Amino acid sequence: MTGTAAHDPHDPSGRRIVVPGGARLAFTFDEARVEACEGETIAAALLAAGRQVLRTTERRDEPRGLFCNMGVCFECLVEVDGHANLRACQTVVRAGMRVRTQRGFGYRDAAAELGE
Amino acid sequence: MIRRKVVIVGAGPAGMSAALVLAQAGVRPTVLDENPRVGGQIFRQPPPGSPAAAAAPKDASARHGAELLRRFEAARARIELLNEAHVWGVFPERRLAIGNQGGWQVVQPEHLVLATGAYEYTPPFPGWTLPGVMTPGGAQSLVKTWNVRPGKSVVVAGTGPFLLVVARQLHAAGVEVEAVVELARRSEFLRHAPRLLSAPGLLFEGGSYLRELKAAGIPVLWGHVVFAAGGAEGRLQHVSLAPCDAEGTPDRARARTLETDTLAIGYGFVPRVELAQLAGCELVFQDELGGWIPRTDENGEASVSGVWVAGDGGGVSGSVVAELEGELAGLSIAGRLGLLDAATLAREKEQRLARLAPLRRFRAALDAVYRVRPGLARLAEPDTLVCRCEELAASEVDPAIGFGGHDFRTLKVMTRLGMGPCQARMCWPAMMRRIADRTQKSCADVGPSRFRPPVRPTTVGDLVQLIPFEDQADAPAGAGR
Amino acid sequence: MKHPDVLIVGGGVIGFAVAHELARRGLAVQLLDKDLPGRATSASAGGLWPVGEAVGLGCGVIYQATQAAARQATGELAAGEECHDGILPAPFRDLLVASNALFPALARELQESAGIDIEFRVGGGLIFAVYEPREQEYVDRVTQALPASCRLEQLTPEEAWKIEPLLTREIQGAALLSGEHQVNPMLLAEGFKRAALRQGAEFHHDTRVTALRRVGERIVGVEAEGEFFPAGTVVNAAGAWSGELARTAGLHCPVFPVRGQIVLTQALPRAMNACLSTSGCYIAQKLHGEVLIGSTTERVGFDVDVTPEGIAGLCKGAVRALPLVRYVHIKRVWAGLRPGTSDELPILGPAPGIQGYVNATGAFRTGIVAAPLTARLVAQSLLGEPTDQPIEPFLAARFGAPEPAPAA
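Chains as they are written, first to last, in our numbering: chain D, 1 to 116; chain V, 1 to 481; chain F, 1 to 408.
Heads up, some of the hints might be wrong.
As a list, the in silico EDC-like pairs of lysine to aspartate or glutamate whose alpha-carbon atoms are at most 20 Å apart [stated by the list, open to error]:
1. V:Lys-152 / V:Glu-110
2. F:Lys-34 / V:Asp-445
3. F:Lys-331 / D:Glu-58
4. V:Lys-441 / F:Glu-290
5. F:Lys-34 / V:Asp-407
6. F:Lys-286 / V:Glu-391
7. F:Lys-2 / F:Glu-244
Since the hints were derived computationally from the structure, they do not count as laboratory data.
Here the structure is a predicted model, which means the values were calculated and not measured.
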C-alpha cells in the first residue's frame, strides 16, 4: 500500500499513497506543467507534485503553504487564471487552469489584464 | 427570495442526522454544504474514482460514517441538497445569503439549523508559519481524502485523542511518524479515570490506538510541548520540544530537537459560530467546549427563536454527540411544525438525551485532561506572527494591549489584528487568551471576535448577479459544474 | 471625576475631538459612552472631501438620488423634476474647507502626542464620474457656484483615465476636486481619544446616558445607568441619537439617523490614485490596499442591519465605475448611522435660552472632515470666545420650535 513510486511518471515526488489510476488532467503552476487527478484540489495536486509553497506574503515576503486544509485560514491563497485570493485547498483543479504563486495581495499584473 | 420550511447549514454528522430525522418526519429539509460532497470534515468523501478511500484504515468511526452516508443517500429523494453552496451572511428574520455558482440568492427558512462544525486551534509559536507546519486535521485530510502524504516524516503535536487518530492514519499512509507530542500528562488520566469510564467503548478505542502506535515504535511523549519550528528556504526542517509543567510552560533546559519535514499541530477545536453570531444569537464562553458558543436550550434552540445549533458548532463534543444533537434538533423542529405528536416527541427526545448524558460526562473528563493551558499563550516570541493574515508580530500587538486594547474591536482598530480574510478565526482564539493572560482578565471578559458578512469568500461581482435557487434534489451531488 | 467642567455624551469622532480640544485647554472633561452598534464614525469612508460634500459631489450625490427616488415614489416630486440641488450654503463649505486645512498639523500632533498615525495621505483628489448629460449639467452648475479658491476642474474622459486608468470607459466626462484627501476614521477617533486621555480627560465606557437633567433653564448633568452625573456644561455629541437625548430635556435638536451601508474589499495593490464618486456609490482605496465602496443613505430609523439589496446596489455601482472590482473578494460589509439633519448642516453651539448645554452633532456625512474645526467652534462657543468661523448658521435655533407630534 505504501509502495515507493518515485520513478512513476504519475507520481514524480513519491507523495502519492496509492499511485492513482483514474482520469488525469494537466494544469500549469507558474508555467510548469502539473498532472492532477480529476476532482482533487489545487493544494493536493501541488503537494503531490512536490510544490509546498503556494504564496509569499505582502509585508514580509515570506513563503506560506497549506495550513488548515479546510478553507478557514486563507493561508493557501493562489492566483487562478488571473484572479487572486483563491484558496488552493478548496478549489478543484480543471484542465488547462493557470495557477500561479500569489505574491502579496496578488493582481500584480492583473490590473492591466482585468481593467481593459 | 425563496422560502423553505427548514434549512440546515452543514452536511457533517449533525446536519445529516437532523436532515434524516426531518425527512423521516415528513418535512423536506434543505441542506446547504460548501463542499462538493456531503460528510463534513470527519466523514469527508474523496472524489469519485479516487483510491484514497480504499487505502484509509477502517475504524469504528469510519464504519459508522459510511453507514450514515449510506442512510443519507438512501433518503436523498426526501432531502433538498445544495452542494458548493456558501452561506456568507445571515440577515434579520433568518434570511440566508447563499453564494452558489458565481451568483447569490436569499433563502428564508422557518427553522434554521446551524451544523457548521469546528476548526482546529493552533496558538502561535516561533516558526508556525513555515510551509510544512499544518493542522492535524489538514494532514489527515491529505491522506484520507486526497491520497497525498504531507511529507516524508511528521511530528504530530498538540493535545487531544485526535492526535492519536491522525498519527495512526499518517503511519498507515507510509509517513514516518517521529513522535506524538501530547501536552497532557499521563498522570492526569488516572485522576479522571472514573468519569472516563462513562463511555467505555470510546475509552477502549483510544487505548487500542495507543497500543498500535506502540507496536509501530512511535513514541508518545506525554506532558511535552512543541515550542518552536525551524527550517531554511521556507521549509520546515526541525521542531523543538520540551517537557512542560501543568500550565503548559516548556522546560527549555530539557529541550530536544526532532528532524522532520512536517509538523501537524493542534490543541483541540474551535466552534464555528460566525453564522450564529450574524443571526444575532447570544454567545457564551465555555472553555471546555472550545470557547465562544451559542447559548442553547437542551434541544439546541439558540437565543433567537427558530435558530438551532447542533454538533461541534455549538460546542466541541465529537461526531457521536453531534449526530445525537442533530437528531434532537430535527425532532424538536418536527414537533414545532406539528409533525410529531407530543408523546412520540417526548419518547424520541428522551431516548437521545439518555444516550447523550454519559457521552457528555466522558467528554467533560476528556476536556479536563486535554485542556488548553495558559502557557500556550506565552509561546509567541516578539517576532512571532500572531495574526497570519496581516502579518503582525507579537511585538506589534502587545504594546496595544498595554495601551488598553483589551477587546477585539479596539485591538483591531489599533493594530489591524483580525482585519484579514480569515476574519480573526486564526488569531483571535489565541489572542483572546494572550490578553486574558496578560491582563488577568477572564476570556469571557475579553470577549469574542466580531464576524461581518461575507463569512465565505464572495466577490463584488458575485453580489451583482442574483441566481435562481434551483432545486437540485434529484441531481447527483455536485452535478452541473 | 466628580462634577467635571464639561461632560460629553457620545464616543464618536466628534465627542473625542471635543474632549481633546477642551482637555488641552485645561478643562476637566468627562466623556460617557455606550458602544452602540452603528456609530457613524465606524461606517465612514474617511474621505476628506470638503468641497465635494459641500456641493453634493461626494456622498451627497447618492443622498440626492435616494431622496429624489423617494419623493417620486411618494408623488412629492414628479418624474424628471429637479429636487433640491445639493449645493449647500457657503458658510458650510467654508467650515469644511477650513477644517480640512487643519489635518496636516493634526496628523503630526496626534502622532507625537498619542502615538497614533491617522493615515492622513494626500492623494489624487476626488473624481466625480459623469455618465449622463444630467450629471454634466449639475457639474456645470457647481462650477459656476464655486469661488475661484475652490479647485474644481472639468475633465474629458481621456484626462480622467490618465489619472485613474481603471475607471470605466463608459464615462462622458469627469470633475476633479484635487484638494480632497483621505484619513482612517477609526484611527482619527482613537487618536483624539488617546490625546485627550493624556491631557487628563476621563472616559466612562459602557455608560449609556439615558437623559439630560434640566433644572429651570439650565442643564445640570445627565442620568446614566441609574446614576446622576453632574457637570458644568453638557455637550451633546451623541450623533444619530442626539435628537432623542435632547428631547429628554425638552430641547429641540432635530437629528435623525441615516443608515449607511458599506462594502470593503480585500486588499489590492495600489489600483486607484484618487477617490471616485458616482451617483451609484463612491469608491476609495485605503492606505492598506482595501477598496471601500460606500454608501447607502437610508432613513430607516435606528436599524443598523445590512441588507442584501443595499450592498448589491453598491456592488453594481462599483462594478460599473471600476470594472476591475468585479473579481475582487469582499472583506466585509457593515452599516452605520449618520446623524442627519433636514438641511444637511450640522447643529453646533448652545440651545436657545438654555445654560450649561452645547450641541456638537448633526455632522451627517461630514463628521470626519469637520471634526477638527467642530471641536474648536464648540470649545470657543462653550468658553464664550469669538469663534474661528461664524457659528450662527449652525445653531439649533434655526429650526425654530419643535413641530407638534403627529396625532397617534
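A quick look at each hint next to the structure:
{"no.": "1", "hint": "V:Lys-152 / V:Glu-110", "verdict": "violated (50 Å)"}
{"no.": "2", "hint": "F:Lys-34 / V:Asp-445", "verdict": "holds (16 Å)"}
{"no.": "3", "hint": "F:Lys-331 / D:Glu-58", "verdict": "holds (17 Å)"}
{"no.": "4", "hint": "V:Lys-441 / F:Glu-290", "verdict": "violated (33 Å)"}
{"no.": "5", "hint": "F:Lys-34 / V:Asp-407", "verdict": "holds (15 Å)"}
{"no.": "6", "hint": "F:Lys-286 / V:Glu-391", "verdict": "holds (18 Å)"}
{"no.": "7", "hint": "F:Lys-2 / F:Glu-244", "verdict": "violated (25 Å)"}
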